[in-house]
Amino acid sequence: MSMIWNFPLFTVVLSLFSGVLCMMLPGRAARNYTIAYESVLIGLVSCVLGYTLRTGQEFTYPMGEFPAPWGNEIRAGVLESMIALLFLVILLCSILAGYHFIRKDMDESKQNLYFSLLNLMTAALMAMTWTNDIFTGYVFLEILTLTSCGILIVREIGRTTLAAVRYMIMNLLGSGMFLMGVVLLYDLSGHLLMVPMRQSIASLASDPSSIPAISLAVGILTIGLGIKSGMFPFHFWMPDTYGWATPASGSVLSAIVSKGYLLLLFKVYVRAIGIHVLQQTPILKILFVLGICGMIVGSVSAIRASAINRMIAFSSAAQIGYIYMGIGLGTTAGFEAALFQVFAHAVTKSLLFLTTPYLAEASGESLKFSALQGSGHRDPLAGLFFSVGALSMIGIPVFAGFSAKLMFAQAAVMTERSWEILVVMSALAVSCTLNALYFIRTMIRIYSESDVTGKRGFRRLKFDRSRAGHIVAGCLLTAVNVFLGLYSWRISDLIYRGLGMYL
Amino acid sequence: MIAGFVEHYEEMAAVILFAVGFSTLLFHKNLIRKLIGMNIMDTGTFLLLASMGYIRGRKAPIIENGVQEVSAYINPIPAGLVLTGIVVSVSVTAVMLSLSVRLYRRYHTLDLDRIYILSRHEEEDR
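So the sequences go chain by chain: A and B.
At position 206 of the first sequence the residue is numbered 206 (the working numbering), and the sequence of numbers has no breaks.
At position 68 of the second sequence the residue is numbered 68 (the working numbering), and the sequence of numbers has no breaks.
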């Protein structure tokens, strides 16, 4: 057993330890410690990714040396490593760029608790990424919910508490349904570890009379994770949650937390149930329809939004719809496109959520469109980063969003089912047009000359130390976005290899 | 069909509890009632788990008189899962209660619809 086999477990244990440690540190020290330890985790996960790529296979780490099916397991492959790396990089960028607002939004004495919650959230995300046990997935899913609620209510204004309560209620409904789905799957298969569960479900599915029972269990579990990840029609909690949180929390919740739930859904589908069994159930078709509805309804709601944060939040609902549409295609190419969209959306949305507060800061602390006029001139860097995110969301070539949309179109063509090709192409066309409508409208507004403030033309770029974190995070996220756009084939190849390890 | 319901009365009770809890959590406006609904929903799931693990005529999984055959004991895993689930449920309830207290201190009501209306009167944006 190589030393690297311990690294996934280290990422969970270190995060738990850091969560406790940060409670004892002062605010700024907790922030610096969190940045240092997140960097260490990025190093550890990069080693795991390199190892799995070099050996060409995943590895299983039996917890406490108890072998399957009795013990608990960690499984690390290419896909898990890539997603863990994505989560950690975005967490790091959110802390770097969001610290300016964390200082504004909360008392100095409470900042350490915020970082403590972020570390516990990292532990939950890492555990959900690596685990091979569906019940462990449930436990850390609840920890993720609690920590998400914690980082939401740190901004002590009435609306955040109300948003947190609504978020918690929806998440509790989702958790309850997920747990019920897990219990029913355990009842059917007799296993909680994903691979033995898949073998058991596959043998059950050979008898067509057991398909309704499997569909019921997987359906309940899917609704649970759908509610938590913001699938249409359960997306209405998103604008309040993402819009009222401090920017670092908005970025983390939108870009990472919802993806954590989606990753668990992917793992359950591919590793615990199996694509062939899923294709015999009506669940994929329902997800396909809901995904397309989400793409359109999310975008229409974004057009009607009066504030930029709500527009971006509704846009998230539309982008989550793309992911469910990809899953709903029910093919490996569809899953690949959906996973690529996870990467593209996470990178782009965190850039947008971390940038808009700077535009608002340059516009009298208002996020309303009317106040944002000319903000791209008043804060050129924020304007630039917003434009990168917006162009990626619309699907302009060179950026990640374009590659994701192209992959969805290719996945639809590869199904060779004419009605699916027609529906996907039409949905992509309509959704891209709607995305362009509200993002280009916003870009025009932020680069229009402001009549209100009377300030015209670009301000000279000045280096401000408090902006260093935003500049580093913005440049990093922009670079990753462009890399995903230009070298999408490299990422899709890695996703393909990762999915191959799952099957 | 009725015979099937009678035979699986524990599972039926669990499903009814889950449905009652789910609908209370989803549709009630009062925060405390929503919380009670959440606990009823979780109880339904735990009852289902416990009933799955119990096998009539078998004993608790503690080795007695040197009997080591698996067939002599009930399945211990669901009981472990129920315990873990209860811990999670208690933690979530505590967080939700603290949020309810915070909302009540600010708006002097636990009716979510009223709280929403009151919050809309507050400043819309930063």
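Check before you lean on any hint, since a few could be wrong.
Distance windows between CB atoms, simulated [as the list claims (entries may be wrong)]:
{"hint": "1", "chain 1": "A", "residue 1": "D207", "chain 2": "B", "residue 2": "D111", "range": "36 to 42 Å"}
{"hint": "2", "chain 1": "A", "residue 1": "L384", "chain 2": "B", "residue 2": "Y116", "range": "55 to 61 Å"}
{"hint": "3", "chain 1": "A", "residue 1": "P397", "chain 2": "B", "residue 2": "A94", "range": "49 to 55 Å"}
{"hint": "4", "chain 1": "B", "residue 1": "I36", "chain 2": "A", "residue 2": "A429", "range": "43 to 49 Å"}
{"hint": "5", "chain 1": "A", "residue 1": "E108", "chain 2": "B", "residue 2": "S91", "range": "23 to 29 Å"}
{"hint": "6", "chain 1": "B", "residue 1": "H121", "chain 2": "A", "residue 2": "I471", "range": "35 to 41 Å"}
{"hint": "7", "chain 1": "A", "residue 1": "E156", "chain 2": "B", "residue 2": "A60", "range": "47 to 53 Å"}
{"hint": "8", "chain 1": "B", "residue 1": "E11", "chain 2": "A", "residue 2": "W5", "range": "23 to 29 Å"}
{"hint": "9", "chain 1": "A", "residue 1": "Q199", "chain 2": "B", "residue 2": "K59", "range": "40 to 46 Å"}
{"hint": "10", "chain 1": "B", "residue 1": "R105", "chain 2": "A", "residue 2": "A36", "range": "35 to 41 Å"}
Sample of chain B residues with no beta-carbon within 12 Å of chain A, all distances over it, derived [to be verified]:
{"hint": "11", "residue": "E11"}
{"hint": "12", "residue": "M12"}
{"hint": "13", "residue": "F18"}
{"hint": "14", "residue": "L31"}
{"hint": "15", "residue": "M41"}
{"hint": "16", "residue": "D42"}
{"hint": "17", "residue": "R58"}
{"hint": "18", "residue": "Y73"}
Treat the hints as calculated values from the structure; they're not laboratory data.
Just so you know, even glycine gets a beta-carbon here, dropped at the ideal spot from N, CA and C.
Violations among the numbered hints, reported as their numbers in ascending order: As far as the earlier hints go, 1, 2, 8, 9, 11, 13, 14, 15, 16 are violated by this structure, in ascending order.
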